[in-house]
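Got chain P sorted already, so can you dock chain F onto it with the hints?
2 protein chains.
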Amino acid sequence: MAVTDEADGVCGQSILDIVKECDNFPYHNTSNPEPLETRMASTWQFFIPDDPKPYGYLTSSTVDKMPWTPDFEIISGPVKQVRLSPKSGASTPEACQVAMASLISLARETGLFPELGKRGRELYSVLGAPYPFKFDRKAHALFGLVTRGVHMTVYTHNVDGEMRIWVPQRSLDRPVYTGLFDNSVAGGVGADEAVLDALVRESAEEAGLDEGFVRRAARACGALTWFNIKDSRSGSRGMLHPGIQYVYDLEVEADVVLKPVDGEVEKFNLWDVETVRKTMAQKKFKPSSALVLLDFFIRHGMIAPEEEADYVEVVSRLHRRLPFPVGA
Amino acid sequence: MAVTDEADGVCGQSILDIVKECDNFPYHNTSNPEPLETRMASTWQFFIPDDPKPYGYLTSSTVDKMPWTPDFEIISGPVKQVRLSPKSGASTPEACQVAMASLISLARETGLFPELGKRGRELYSVLGAPYPFKFDRKAHALFGLVTRGVHMTVYTHNVDGEMRIWVPQRSLDRPVYTGLFDNSVAGGVGADEAVLDALVRESAEEAGLDEGFVRRAARACGALTWFNIKDSRSGSRGMLHPGIQYVYDLEVEADVVLKPVDGEVEKFNLWDVETVRKTMAQKKFKPSSALVLLDFFIRHGMIAPEEEADYVEVVSRLHRRLPFPVGA
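Quick mapping for you: the protein sequence lines, in order, are chains P and F.
Just so you know, we're using full-length UniProt numbering here: the first sequence kicks off at 1 and counts up by one.
Just so you know, we're using full-length UniProt numbering here: the second sequence kicks off at 1 and counts up by one.
Please keep in mind that the hints were generated in silico from the structure rather than gathered at the bench.
Heads up, a few of these hints could be off.
Claimed, not checked - With a straight-line Cα cutoff of 30 Å, these simulated DSS-like cross-link-like pairs (lysine-lysine) come out: (1) Lys134/P / Lys87/P; (2) Lys230/F / Lys53/P; (3) Lys20/F / Lys80/F; (4) Lys20/F / Lys20/P; (5) Lys20/P / Lys53/F; (6) Lys230/P / Lys53/F; (7) Lys134/F / Lys80/F; (8) Lys20/F / Lys286/F; (9) Lys53/P / Lys20/F.
Chain P on its own, in the form it takes in the complex (with noise of 0.2 Å):
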């Protein structure tokens, strides 16, 4: 269903078409097998010692630019990979991190990754690796490996019963997706971090909500799977993101009001369903926060299988299977 709005001449996407906005990567498909095959064409997996699985895709632009130590293989075809197989010792977890962490140093002083930023502060884990295996957050973005989110929509009802939703803008000064609408509270899943505890933190952190009450009120409710190219509103454009967004729910009285703490968010919004939709439609949301507000309409039986002839699509690109492990 397309949303339209004749007041305001506003013709918005499909649902399908806002799942497309972020689940963009081609998939395997074997009556049109090209788009896929052309993609691969120019794509690099990543591979860690002693096991046959990719980790991660890295564009092109990336394995060209990148300045590769001994302690990585490149190797061009047939397959395009590129092999973590550190020379500096056995290939122990010990010397893959320090061989990741040298690359990504030597990587930023090039300065022409301006993903890597100055320094590097966070670690996020190498999602499913046989050993703990951890390095820069803002690295995973070149190697392309899979992130992991924790995402909570925040909701109450108005003395007629209805559903508002609590919307972020994200700050006019955050580096990407600037400005656009987000989930009430969204935030990383650190290397060290459970999925609770990280949504507990990022309550606190982004909307001043009470850690106490998170914990007892939030409601786990499943995991999107996604699997992006960037584009220009992310920084990054081009750059492959496979990612997982841990979904919450939280119901909360009227008189809850969700404030701006970090400096992250420009300001709260407390919209009604329609809104939201709307705002979805014009491609104003973070591609990958509008998923999330779908699948909420959608396990809340507001977009309904009769009403949706996209509706089994949509739920399926949801929760896409990922070509890499996603185990904890």
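Relative to the frame of chain P, chain F by itself:
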């Protein structure tokens, strides 16, 4: 997490095992292509006129036994295909329906296809076909076409606030999945039926629930998709079955009682969550219906990401993207 019960000496399946019990058709996997390639080498893709997309997969056993008419082209390589291509006129929707109905009638006469029964009663749609195209529900199994079901979890809370779930046992007289446990309400969606109408009908027919109440109070919560290679309990061992299950929740008061109506249910049980989970782990549920309960537990926060290493893999596989059209 495997459910263990030391008192009983029962060590059950993990939740990923429960998913794999139903979603067991191989996935596309670049680092291990062999299982899918082997399977496809003995699988025939079914095409309808003027459409490059396959609509179903037939087994070699079905293709060998079928009394093909001149309306079908059987192409054995390099990609095995069965192409509906009506000779009795143009490739009109009517010619397709006639060709298919004739074939099914001949196939039934051979007596080689117990799946077809003695006669067809219900029609199912070929999902996503560019024109209305429907035929005998029972023949869908032979062509490996996508079927649509509607499944509802009916639950209540007792005086202590603990959740109880209505769990029917399938009749001991039913020929398939005999005596296994099932979802509170479950049934197929007919060719010309809206999903909610099918739910309302099945709720009355199988559980004696009031139609107006179900229409008003049942909540659509998404759709599960999986690709099953049938086991012997289905009565059609080895057949290929891609399925969609539209999922609904219905919370009822403690005094609502579900009762068998049409003979498909042996009896209804009102179980606590622990009993449901233990019974699932013991493989005593119909495999696809166990997935509906897993999804219920995930959406209700009763399986949390911190507790379950396979959380993301499970959620993705509950929403498999099928290699066939799934649009309305």
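Hint-by-hint comparison with the structure:
1. With a C-alpha separation of about 19 Å, the suggested pairing of Lys134/P with Lys87/P holds against the 30 Å cut-off.
2. Proposed proximity of Lys230/F and Lys53/P is supported: the alpha carbons are some 29 Å apart, at most 30 Å.
3. Pair hint Lys20/F plus Lys80/F holds up; C-alpha atoms about 26 Å apart against a cutoff of 30 Å.
4. A hinted pair counts as satisfied when its Cα atoms are at most 30 Å apart, and Lys20/F with Lys20/P qualifies at roughly 28 Å.
5. This hinted pair checks out: Lys20/P and Lys53/F have alpha carbons roughly 20 Å apart, not beyond 30 Å.
6. Taking the CA atoms of Lys230/P and Lys53/F, the gap is near 29 Å; set against the 30 Å cutoff, the hint holds.
7. Only pairs whose Cα atoms come within 30 Å are accepted, and Lys134/F paired with Lys80/F is accepted, the gap being roughly 24 Å.
8. Simply put, Lys20/F and Lys286/F have alpha-carbon atoms about 13 Å apart, close enough for the 30 Å limit, and the pair holds.
9. Simply put, Lys53/P and Lys20/F have alpha-carbon atoms about 20 Å apart, close enough for the 30 Å limit, and the pair holds.
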